[in-house]
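Engineer: Protein chains in written order, with UniProt numbering: chain A, 1 to 715; chain B, 1 to 153.
To be clear, the hints were calculated from the coordinates, so they are not data collected in a lab.
Hints may be right or wrong, so weigh each one.
Claimed, not checked - Some but not every residue of chain B turned toward chain A, in silico, with C-beta under 7 angstroms:
1. Y13
2. M21
3. G35
4. G39
5. I91
6. C101
7. D121
Quick caveat, the model's predicted, so the values are computed rather than measured.
Where a beta carbon is used, it is the ideal one built from N, C-alpha and C, also for glycine.
Chain residues, written in single-letter form:
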Amino acid sequence: MVSRRQFIKNTGKASFALWLGATSNGFANAAFITYAPSNFTPFVKIEKNGKITIFNTKPEMGQGTFQSVPALIAEELEVSLDAITIVQTSGEKQFGGGQAAGGSSSIRGNYDAYRKIGAAAKEMLIKAASVKWGIGIESCYAENGSVHSKLSKEHLSYGDLIEEASKLEVPKEPKLKNKSDFKIIGKSIQRPDVPLKVSGKAEYGIDVEVPNMVYATVFRSPVIGGTLKSFDADATLKIPGVIKVVEAKTTVGKYQYSGVAVIAKSYWSALQGRKVLKVEWETNGYENFNLSDYENKLRNLSKETGVLDKNIGNVESVKTEPGNSVESFYETPMVAHHTLEPMNCIAHVNGEMLTIWTSTQVPSAITGSGPNDLHSQIGMKPENITLHSKFIGGGFGRRLYTDYVIEAVNIAKQIEQPVKVIWSREDTTQHSAVRPMTFSQLKGGFSKEGELISFQHKVISPSYFDSVGPNFDKTKVDAIMIEGIGEQAYQIPNIKTSYVYADFHVPVAAWRSVTSSTVAFAHECFIDELAHKVKKDPLDFRLQMLDKDSDTKRVLLKLKEVSNWDKPLPKGKGRGVAQWEFFAGLCAHVVEVSVTKDNTIKIDKVYAVIDLGEVVNPDNVKNQIEGSIVMALTAAIKTGITIENGKIKQSNFHDNPMIRMHETPEIEVHILADGGKIKGVGEPGLPPFAPALANAIFSITGKRIKKMPFDLKLS
Amino acid sequence: MAIINLKINSKEYSIDVDPQMPLLWAIRDFVGLKGTKYGCGIAQCGACTVHLNGQPVRSCSLPVAAVANKNITTIEGLSDDNSHPVQKAWIEEQVPQCGYCQSGQIMAAAALLSKNASPNDADIDAAMQGHICRCGTYPRIKRAIKKASENKP
Ligand code: FES
Ligand code: FES
Numbered sequence: 001m002v003s004r005r006q007f008i009k010n011t012g013k014a015s016f017a018l019w020l021g022a023t024s025n026g027f028a029n030a031a032f033i034t035y036a037p038s039n040f041t042p043f044v045k046i047e048k049n050g051k052i053t054i055f056n057t058k059p060e061m062g063q064g065t066f067q068s069v070p071a072l073i074a075e076e077l078e079v080s081l082d083a084i085t086i087v088q089t090s091g092e093k094q095f096g097g098g099q100a101a102g103g104s105s106s107i108r109g110n111y112d113a114y115r116k117i118g119a120a121a122k123e124m125l126i127k128a129a130s131v132k133w134g135i136g137i138e139s140c141y142a143e144n145g146s147v148h149s150k151l152s153k154e155h156l157s158y159g160d161l162i163e164e165a166s167k168l169e170v171p172k173e174p175k176l177k178n179k180s181d182f183k184i185i186g187k188s189i190q191r192p193d194v195p196l197k198v199s200g201k202a203e204y205g206i207d208v209e210v211p212n213m214v215y216a217t218v219f220r221s222p223v224i225g226g227t228l229k230s231f232d233a234d235a236t237l238k239i240p241g242v243i244k245v246v247e248a249k250t251t252v253g254k255y256q257y258s259g260v261a262v263i264a265k266s267y268w269s270a271l272q273g274r275k276v277l278k279v280e281w282e283t284n285g286y287e288n289f290n291l292s293d294y295e296n297k298l299r300n301l302s303k304e305t306g307v308l309d310k311n312i313g314n315v316e317s318v319k320t321e322p323g324n325s326v327e328s329f330y331e332t333p334m335v336a337h338h339t340l341e342p343m344n345c346i347a348h349v350n351g352e353m354l355t356i357w358t359s360t361q362v363p364s365a366i367t368g369s370g371p372n373d374l375h376s377q378i379g380m381k382p383e384n385i386t387l388h389s390k391f392i393g394g395g396f397g398r399r400l401y402t403d404y405v406i407e408a409v410n411i412a413k414q415i416e417q418p419v420k421v422i423w424s425r426e427d428t429t430q431h432s433a434v435r436p437m438t439f440s441q442l443k444g445g446f447s448k449e450g451e452l453i454s455f456q457h458k459v460i461s462p463s464y465f466d467s468v469g470p471n472f473d474k475t476k477v478d479a480i481m482i483e484g485i486g487e488q489a490y491q492i493p494n495i496k497t498s499y500v501y502a503d504f505h506v507p508v509a510a511w512r513s514v515t516s517s518t519v520a521f522a523h524e525c526f527i528d529e530l531a532h533k534v535k536k537d538p539l540d541f542r543l544q545m546l547d548k549d550s551d552t553k554r555v556l557l558k559l560k561e562v563s564n565w566d567k568p569l570p571k572g573k574g575r576g577v578a579q580w581e582f583f584a585g586l587c588a589h590v591v592e593v594s595v596t597k598d599n600t601i602k603i604d605k606v607y608a609v610i611d612l613g614e615v616v617n618p619d620n621v622k623n624q625i626e627g628s629i630v631m632a633l634t635a636a637i638k639t640g641i642t643i644e645n646g647k648i649k650q651s652n653f654h655d656n657p658m659i660r661m662h663e664t665p666e667i668e669v670h671i672l673a674d675g676g677k678i679k680g681v682g683e684p685g686l687p688p689f690a691p692a693l694a695n696a697i698f699s700i701t702g703k704r705i706k707k708m709p710f711d712l713k714l715s
Numbered sequence: 001m002a003i004i005n006l007k008i009n010s011k012e013y014s015i016d017v018d019p020q021m022p023l024l025w026a027i028r029d030f031v032g033l034k035g036t037k038y039g040c041g042i043a044q045c046g047a048c049t050v051h052l053n054g055q056p057v058r059s060c061s062l063p064v065a066a067v068a069n070k071n072i073t074t075i076e077g078l079s080d081d082n083s084h085p086v087q088k089a090w091i092e093e094q095v096p097q098c099g100y101c102q103s104g105q106i107m108a109a110a111a112l113l114s115k116n117a118s119p120n121d122a123d124i125d126a127a128m129q130g131h132i133c134r135c136g137t138y139p140r141i142k143r144a145i146k147k148a149s150e151n152k153p
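Let's have the full structure, built from the sequences with the hints guiding it.
Structural biologist: The following block contains the structure:
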């Protein structure tokens, strides 16, 4: 498991840094000489027959990197997307440590770096052609996989130039194209993975079959934190097809667990064997844990000062007249990722060698040699680990953890054959790290003139960093848990944000948009409360607190326009607004609602504005935002994860339901891509949705919603 | 264990399995067609949808013995070149994200359109309610179904 921090850092400029490093030590050129076909950089391979391969280092989990990453390289290389072969990398050394997808970072972290890779290769090819023709490089240009002469009709395809080009120095600062010359970036080009996903041919981890493979299912402690005492496999071993029953250990962040694996010739046989397996667990007192008690504990903890995060001005010195302040408390639940592809992994241990086939967001953490990478958890050498990284049937942060990989390896160590471990939906629901709950205490104070002069937000929650590593310092703020709250663009003279740590024994995870999916609810609903207090329009109230050149202001102004905010709604309809900026990006929504005859809130329409700086594939962005809204709606109104007597109560989609088609509102997405800071796509659509919906419901019912999930059926 | 004869995409397969095993695992792990997916195992998500004599069914919840010798169609049998009108519409609308639910969604949509050539919103909602797309591609699925119904001769 990489820490989130670490992987965000890794996914920054790492790919380009690696490439530069490769240049200075001659790697790229050496590769030309040593290998045919040759690599310009590890990311581009051009063969003599003209075949061009672009290597994509960002795992595809639905967010579109299978196209968007190669698109950046192809744009500068002057080849069309139809003309290239895309190969997904699998944590191979030559592609560096940035082979991971998370934090909406793939494009925003590498926008120029990927383009420079394509541009450098193009400059080398142009130079090679100019030497061949004996003309200056200014008389040559690249187009459609060939270099052309401006002086004659002559042209040479890239394949014909690689031998010469390979002898050249790789330019360190290649010139990038002007935006106005883009042929790929900014265009809604059909994605290459779509035909595979429409024909059933896309291969996910769960689809892989290797010769001689057996299957396994794991019985894990129903009480979270329970340990394995003993097991009796007699009945299991009599089930036809069952081969072996072994202990299965794994690691999730700082936690270690043991289960019992039933290995069989088929998954079905393994499941039958598991039904009759007798296991005794030591529940270690965790059998008495109930979520409702824990939530009371969090409410009590809100009285504590906690650790200070941001302190602008001096909140304590602000004197507000009685009646000029507002206080509020918001609560959010735990939720599951529920990737539709359940956890699964194939592992094959052959002596010292390990081969893994799986869907993962972090190939680099599986093959890497870093202190927290897979090798350290399984006691094997990183150079002996080979990964085959597959399409991912949903990531959402769940597959940043490698617990299911570690477990499969530990099982594979106990059997000769490759073993495919499949988690059932129930296993996946009840034994995966969850998005932690956050409780928020908020205070706001106005001047006599009705100006917001003080704002406080205290988050009370378990800690992500405490969960992923053993050495969390409780005297410090967990930056993940207070994500975004101190960084809002609102200009308020006195701001204080703080964090109260709550001890928890359940592993917690980053869940698409991380803590922002919870704290934004509290923050942006409270901003609405404040606007209401001074009888201001909630959108204007926000705009008035924003600097004229802030990105947030641009987004809200656009939203105001596209949602026809200034046009009054017909009677019986209401609307709400919310925005959120955090590490992944910036998005804002207006939600329009009405009340049906049976006294239920109906979401009539959602308007979304996302600011990206630059956009690669606008249609894909729209798909992402539509999906983000659907996912955020599930989190807002459907049951979260609860724990009773130490066990996760929910198990499958009947008791942990997801939004379905008939519940999906109409969604209209607008993209801002007018330059400025480049921002992410995959996550920013989630955080502002729940508060915009709750604010819309308030506008129509006059009732403040302060707890997620909430019911659309009005009481 | 028992020998079960299956007819999948007009091909015959003979497999030796527990008759109670769901059709899903027969299709995936014994016949080797991986386009049909496992999502929940309890008829809640629709990822495992195949056609049984033209009707959409949840293969995770049908014992394999119950469907012996019947006509089963999986996503691989819909077309071998994405030429089915539903697949074409799915590409035109760029529906999938992660894609994991899409085989099931497409099989349900194809079954709907074979019964009802021009479904309205309510017909589509009713036919597709049993399907979960965790990535939330519902707006596109709906658009694609409408497009496929228009594209049909
Ligand atoms: S796997 Fe059959 S309906 Fe979900
Ligand atoms: S596309 Fe991912 S579950 Fe539907």
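Engineer: Against this structure, judge whether each hint is valid.
Structural biologist: Verification of the hints:
no., hint, verdict
1, Y13, "violated (15 angstroms)"
2, M21, "holds (4 angstroms)"
3, G35, "holds (2 angstroms)"
4, G39, "holds (5 angstroms)"
5, I91, "holds (6 angstroms)"
6, C101, "holds (5 angstroms)"
7, D121, "violated (9 angstroms)"
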